[in-house]
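Working from the sequences, and respecting the hints, build out all of it.
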Amino acid sequence: MPITILQPSLAPPPKPRNDDASDSDSEGGADLEGDIAMGRPAKRARTQDSSIMTPGEIITDDPQWMRGHGTYVIPGAQSNTILSSVAGTLAKTNKLLSVRPLRARYTPEIGDLVVGRIVEVQAKRWRVDVGGTLLAQLPLSAINLPGGIQRRRTETDELQIRTFFSEGELLVAEVQQLYNDGAAVLHTRSLKYGKLRNGVFMSVAGVGGGGGVVRARRQAFTLDISGTDEVSGSEKIDVVLGVNGYIWISKHIEGEGAAAESSGPGITRIEESVGLNVYSSQNDIIPVDTMREIARVRGVITALVENGLRVDEEMVIKGYQEAVEMAKEEPDSADTLWLGGERGKRLTNALVGR
Amino acid sequence: MPREAEPSQNEKDFVLKAVREGHRLDARALDQFRPLDLKFGDQYGVADVTLGKTRILAKVTAEVTVPYTDRPFDGIFTITTELSPMASPAFEVNRPTETEVLLSRLLEKTVRRSNALDTESLCLVAGQKCWSIRVDLHVLSHDGNLIDASCLAVVAALRHFRKPDTSIEGDTLTVYTPAEREPVPLSWLHSPFCITFSFFGTVSVGEDEEKDIWLLDTTRLEEQLRVSSCTISMNKHGEICQVAKPGGAPVEAVTVLQCSNLALQKVKDLSDFVDQKLAEDSKRRNKGGLLAELSAENAR
Amino acid sequence: MPLDTSTYNLALLRVDGRRWNELRDQRGQMGVQPSADGSAYLQMGNTKIQAIVAGPNERDASKTNSSASTAATAGGLGATVAVGITVAPFATVDRKRRGRNDKRLQEMQTTLAAALAAAVQGQAYGPRSTIHVSLHVLSQDGSLLAALVNAASLALVDAGVPMTDYLVACTAGSTSSYAAADEAADPLLDLNTQEEQELPFLTLATLGASDKVVAMVCESRVQLARLEGMMATAADGCKGVRDFLDRVVREKGEIMVQEGAVGRGEVVSSMDLD
Numbered sequence: 001m002p003i004t005i006l007q008p009s010l011a012p013p014p015k016p017r018n019d020d021a022s023d024s025d026s027e028g029g030a031d032l033e034g035d036i037a038m039g040r041p042a043k044r045a046r047t048q049d050s051s052i053m054t055p056g057e058i059i060t061d062d063p064q065w066m067r068g069h070g071t072y073v074i075p076g077a078q079s080n081t082i083l084s085s086v087a088g089t090l091a092k093t094n095k096l097l098s099v100r101p102l103r104a105r106y107t108p109e110i111g112d113l114v115v116g117r118i119v120e121v122q123a124k125r126w127r128v129d130v131g132g133t134l135l136a137q138l139p140l141s142a143i144n145l146p147g148g149i150q151r152r153r154t155e156t157d158e159l160q161i162r163t164f165f166s167e168g169e170l171l172v173a174e175v176q177q178l179y180n181d182g183a184a185v186l187h188t189r190s191l192k193y194g195k196l197r198n199g200v201f202m203s204v205a206g207v208g209g210g211g212g213v214v215r216a217r218r219q220a221f222t223l224d225i226s227g228t229d230e231v232s233g234s235e236k237i238d239v240v241l242g243v244n245g246y247i248w249i250s251k252h253i254e255g256e257g258a259a260a261e262s263s264g265p266g267i268t269r270i271e272e273s274v275g276l277n278v279y280s281s282q283n284d285i286i287p288v289d290t291m292r293e294i295a296r297v298r299g300v301i302t303a304l305v306e307n308g309l310r311v312d313e314e315m316v317i318k319g320y321q322e323a324v325e326m327a328k329e330e331p332d333s334a335d336t337l338w339l340g341g342e343r344g345k346r347l348t349n350a351l352v353g354r
Numbered sequence: 001m002p003r004e005a006e007p008s009q010n011e012k013d014f015v016l017k018a019v020r021e022g023h024r025l026d027a028r029a030l031d032q033f034r035p036l037d038l039k040f041g042d043q044y045g046v047a048d049v050t051l052g053k054t055r056i057l058a059k060v061t062a063e064v065t066v067p068y069t070d071r072p073f074d075g076i077f078t079i080t081t082e083l084s085p086m087a088s089p090a091f092e093v094n095r096p097t098e099t100e101v102l103l104s105r106l107l108e109k110t111v112r113r114s115n116a117l118d119t120e121s122l123c124l125v126a127g128q129k130c131w132s133i134r135v136d137l138h139v140l141s142h143d144g145n146l147i148d149a150s151c152l153a154v155v156a157a158l159r160h161f162r163k164p165d166t167s168i169e170g171d172t173l174t175v176y177t178p179a180e181r182e183p184v185p186l187s188w189l190h191s192p193f194c195i196t197f198s199f200f201g202t203v204s205v206g207e208d209e210e211k212d213i214w215l216l217d218t219t220r221l222e223e224q225l226r227v228s229s230c231t232i233s234m235n236k237h238g239e240i241c242q243v244a245k246p247g248g249a250p251v252e253a254v255t256v257l258q259c260s261n262l263a264l265q266k267v268k269d270l271s272d273f274v275d276q277k278l279a280e281d282s283k284r285r286n287k288g289g290l291l292a293e294l295s296a297e298n299a300r
Numbered sequence: 001m002p003l004d005t006s007t008y009n010l011a012l013l014r015v016d017g018r019r020w021n022e023l024r025d026q027r028g029q030m031g032v033q034p035s036a037d038g039s040a041y042l043q044m045g046n047t048k049i050q051a052i053v054a055g056p057n058e059r060d061a062s063k064t065n066s067s068a069s070t071a072a073t074a075g076g077l078g079a080t081v082a083v084g085i086t087v088a089p090f091a092t093v094d095r096k097r098r099g100r101n102d103k104r105l106q107e108m109q110t111t112l113a114a115a116l117a118a119a120v121q122g123q124a125y126g127p128r129s130t131i132h133v134s135l136h137v138l139s140q141d142g143s144l145l146a147a148l149v150n151a152a153s154l155a156l157v158d159a160g161v162p163m164t165d166y167l168v169a170c171t172a173g174s175t176s177s178y179a180a181a182d183e184a185a186d187p188l189l190d191l192n193t194q195e196e197q198e199l200p201f202l203t204l205a206t207l208g209a210s211d212k213v214v215a216m217v218c219e220s221r222v223q224l225a226r227l228e229g230m231m232a233t234a235a236d237g238c239k240g241v242r243d244f245l246d247r248v249v250r251e252k253g254e255i256m257v258q259e260g261a262v263g264r265g266e267v268v269s270s271m272d273l274d
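Chains as they are written, first to last, in the UniProt record's numbering: chain A, 1 to 354; chain B, 1 to 300; chain C, 1 to 274.
No lab work stands behind these hints, which were simulated from the structure alone. All values derive from a computational prediction rather than experimental measurement. There could be a bad hint or two in this list.
[As the list claims (entries may be wrong)] According to the in silico footprint, chain B covers these stretches of chain C (three or more CB under 8 Å from chain B):
| id | segment |
| --- | --- |
| 1 | 104 to 114 |
| 2 | 207 to 216 |
[To be verified] Subject to a maximum C-alpha distance of 16 Å in a straight line, what follows is the list of computed EDC-like cross-link-like pairs (lysine to aspartate or glutamate):
| id | chain 1 | residue 1 | chain 2 | residue 2 |
| --- | --- | --- | --- | --- |
| 3 | C | K103 | B | E98 |
| 4 | C | K48 | C | D25 |
| 5 | C | K212 | B | E210 |
| 6 | C | K212 | B | E252 |
| 7 | C | K96 | B | D70 |
| 8 | A | K92 | C | E266 |
| 9 | A | K95 | C | E266 |
| 10 | C | K103 | B | E100 |
| 11 | A | K318 | A | D224 |
| 12 | B | K211 | C | D211 |
| 13 | C | K103 | B | E252 |
[Unchecked claim] Per label pair, the in silico range of CB-to-CB distance:
| id | chain 1 | residue 1 | chain 2 | residue 2 | range |
| --- | --- | --- | --- | --- | --- |
| 14 | B | A18 | A | Q122 | 14 to 24 Å |
| 15 | A | Q150 | C | V267 | 24 to 34 Å |
| 16 | C | F90 | A | G341 | 22 to 32 Å |
| 17 | A | P75 | B | L25 | 23 to 33 Å |
| 18 | C | D16 | B | V254 | 26 to 36 Å |
| 19 | C | D102 | A | E314 | 25 to 35 Å |
| 20 | C | V267 | A | Q122 | 15 to 25 Å |
| 21 | C | P127 | B | R284 | 53 to 63 Å |
The beta-carbon is built from N, C-alpha and C at its ideal position, and this holds for glycine as well.
Put into structure tokens, the structure is as follows:
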């Protein structure tokens with residue numbers, strides 16, 4: 001490659017460094033963008049004017065604070081300096097400092113309602129993918145037996161463990177207990193929980209990342225779809241928003257499903273209501289109208305996630321109503337179910353009033 | 001894959017505490033090598049290195065082949081390493097472990113890429129005939145510090161090696177047997193040696209100051225416990241041929257610089273050691289020297 | 001193609017017009033792959049890397065693809081970091097297909113896995129979980145290892161994996177080759193392919209802006225006396241890269257706060273003494 005050298009001139013004098021944050025001597029120093037003087041922000045001093053914490057950033061060196069999730073102290077050092085270990089926003093709970101990551105995988109907490117998928121069947125338990133850092137466990141003793149019988153689990157139950165749940169099947173469960181390494185133990189000992197059928201699964205994995213399922217008072221609810229013109233009769237849809245970002249949308253069956261909590265019977269009548277078909281893997285007949293509305297709900301949730309909005313009962317219900325309205329406005333259009341791109345933006349803008 | 005047994009927690013704590021206080025299990029100083037021995041075989045190009053309980057054999061062979069088409073003026077120089085189950089149960093035949101890949105890459109960078117052997121001198125007829133020099137490295141016993149010992153074995157074996165003399169007259173290439181003409185040494189440019197530093201975390205010295213602790217020539221037990229390592233390859237002229245600190249716990253930059261200065265001293269020692277052993281060996285082979293050869297006296 | 005490096009002394013400008021302490025143009029983006037747990041795209045000059053993080057999840061690293069990735073354990077009893085590198089055939093000029101068993105790539109994977117494991121606080125996850133980092137080299141123009149480290153670092157931040165600090169890396173070279181024992185040789189920062197082929201250089205990875213060396217790789221012959229200058233230059237480059245990555249993360253975070261995707265952060269001040 002020929003190199004043309006124009007008039008050789010004297011070497012330029014060393015450029016004055018405008019970066020007083022760097023402790024390097026005049027020999028060193030890296031310039032990011034050539035000659036453009038860019039006031040590179042002093043890393044340590046930014047805590048005040050930016051609400052974002054990044055890994056390695058000092059949060060405080062005041063000894064009154066305690067460190068929570070997303071923070072660390074330098075081991076062995078005598079100082080009380082608390083540093084951030086993830087990128088996110090700072091949260092204070094009394095004297096506890098924690099950093100909520102912008103995006104992370106689900107970390108189970110006791111009492112969470114989760115939707116999971118069986119990935120492995122072992123002798124006395126199932127291993128369930130709940131989107132966390134480790135697989136969750138579902139012991140054989142933590143499920144309801146068909147017919148609601150209360151008894152010890154015998155070897156016969158262990159041998160036919162696959163008749164309850166087998167690989168790839170979906171279930172809704174509650175986190176009962178946590179191990180030291182963060183792995184969860186689930187249970188389905190309630191009428192609200194159990195095997196999922198008659199619907200569709202979707203995943204809006206993780207927390208943060210612009211949207212996702214948030215922990216709320218109610219994670220499972222029933223949507224009335226009789227408001228739409230096309231639906232005859234009073235059909236309903238069950239929506240289960242797993243805290244882990246896994247979502248189940250299905251046809252509502254009276255007295256069954258996760259949303260039946262309020263009307264559910266007490267423990268005394270459990271035998272009568274836990275039917276013999278709770279572990280059935282067979283779908284019921286679902287009317288086309290219901291299927292279409294299930295798909296519409298799915299579209300609404302996808303639009304919420306794509307546009308960085310939280311997914312909870314209120315947003316889904318409002319979003320669904322808005323989507324129905326949007327469909328009514330253009331009755332000729334065939335693809336009113338599709339809520340991606342521009343339509344998704346219009347929907348979410350209407351929701352948040354932008 | 002059979003894995004090496006991990007040392008127990010008590011054992012770990014014991015060794016680490018001792019190291020932090022400046023003691024090693026075999027009573028060596030922190031920067032002291034184990035007893036090093038180098039033996040040459042009866043054939044040219046065989047070196048047997050013993051470093052404590054680590055033992056490594058290197059054998060050099062040469063043959064005439066066709067050079068690679070993209071490098072018609074260069075000879076071929078390869079180093080192959082073999083970690084057999086003989087050295088440690090963690091090694092398996094025909095499946096290179098991570099240790100083996102790292103070892104062969106390090107030797108390659110240290111000896112081959114630094115041009116220790118002048119590959120151009122191996123060319124006989126440009127594009128048609130050249131020498132192919134191959135070093136086979138066998139780990140006979142593995143008790144830590146494979147890299148330093150292997151590098152020493154490779155360098156010693158190559159410097160000890162003699163390849164048959166050749167001549168070209170017109171279109172004919174003649175390779176002489178050792179009886180016809182004395183074999184000639186390889187064209188050797190410089191002798192690089194590897195020095196591996198193993199780090200064991202920090203101890204605090206005075207207020208707010210921390211010092212990294214490092215060991216030289218670690219045994220296998222120490223190697224299992226180290227938090228990171230840094231291998232520096234140098235020749236005695238103070239030229240760095242390669243530095244590799246493949247991840248692991250962080251170490252102050254100043255420590256790395258101190259280590260590189262110390263490595264130079266150690267490399268000079270190793271270099272003198274190999275020179276001395278080579279001189280002894282040539283004296284042994286050449287009993288009586290030139291006079292004996294010139295003497296017409298018949299042994300009969 | 002031989003490169004005439006002797007011109008450097010005349011104008012103190014390098015082949016691409018930079019001075020000795022200038023980094024190349026850098027661009028970075030987080031979250032380029034919506035389906036992944038974390039992802040990043042990083043460009044250092046013409047070296048372009050796409051990094052994808054899957055996990056941490058419970059999947060055996062050795063089971064899934066033994067030769068394609070190399071694993072290292074983070075922080076004693078913590079999670080495992082598995083790294084796989086793919087070089088696209090079109091990444092270099094000579095369009096060469098690399099085998100899975102390329103020892104150079106394997107060595108790089110090992111170095112990366114061990115280096116990332118040093119920065120990741122894996123204790124939070126337990127020994128059974130694995131963080132899979134898969135790196136795709138889209139275009140290659142020098143400082144490959146350094147760019148891989150930086151891209152992986154950014155992707156791990158995007159995945160919300162706790163780290164002590166950013167793991168950042170940079171290369172530094174020396175203006176004259178080993179033949180001339182010229183003590184006046186200048187160090188150079190952030191080399192491109194042409195310079196890498198011509199000059200001795202090293203890659204240095206540090207933990208954030210500190211002088212703590214996590215990984216260091218030098219594959220060329222260089223005088224011992226020049227090591228210090230090269231390391232100091234590279235460490236300064238690392239500071240620059242850290243600031244750059246930090247800016248990318250903050251910009252992304254601020255946008256997310258504005259959109260309301262994450263809650264606004266609170267500020268710790270000494271007045272909160274109630």
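Now for the hints, and whether the structure bears them out:
no., hint, in the structure
1, 104 to 114, "holds (count 8)"
2, 207 to 216, "holds (count 8)"
3, C/K103 <-> B/E98, "holds, 10 Å"
4, C/K48 <-> C/D25, "holds, 11 Å"
5, C/K212 <-> B/E210, "holds, 12 Å"
6, C/K212 <-> B/E252, "holds, 4 Å"
7, C/K96 <-> B/D70, "holds, 14 Å"
8, A/K92 <-> C/E266, "holds, 7 Å"
9, A/K95 <-> C/E266, "holds, 13 Å"
10, C/K103 <-> B/E100, "holds, 10 Å"
11, A/K318 <-> A/D224, "holds, 12 Å"
12, B/K211 <-> C/D211, "holds, 13 Å"
13, C/K103 <-> B/E252, "violated, 29 Å"
14, B/A18 <-> A/Q122: 14 to 24 Å, "violated, 43 Å"
15, A/Q150 <-> C/V267: 24 to 34 Å, "violated, 54 Å"
16, C/F90 <-> A/G341: 22 to 32 Å, "holds, 31 Å"
17, A/P75 <-> B/L25: 23 to 33 Å, "holds, 26 Å"
18, C/D16 <-> B/V254: 26 to 36 Å, "holds, 32 Å"
19, C/D102 <-> A/E314: 25 to 35 Å, "violated, 54 Å"
20, C/V267 <-> A/Q122: 15 to 25 Å, "violated, 48 Å"
21, C/P127 <-> B/R284: 53 to 63 Å, "holds, 55 Å"
Checked against the numbered hints above, the structure violates hints 13, 14, 15, 19 and 20; every other hint is satisfied.
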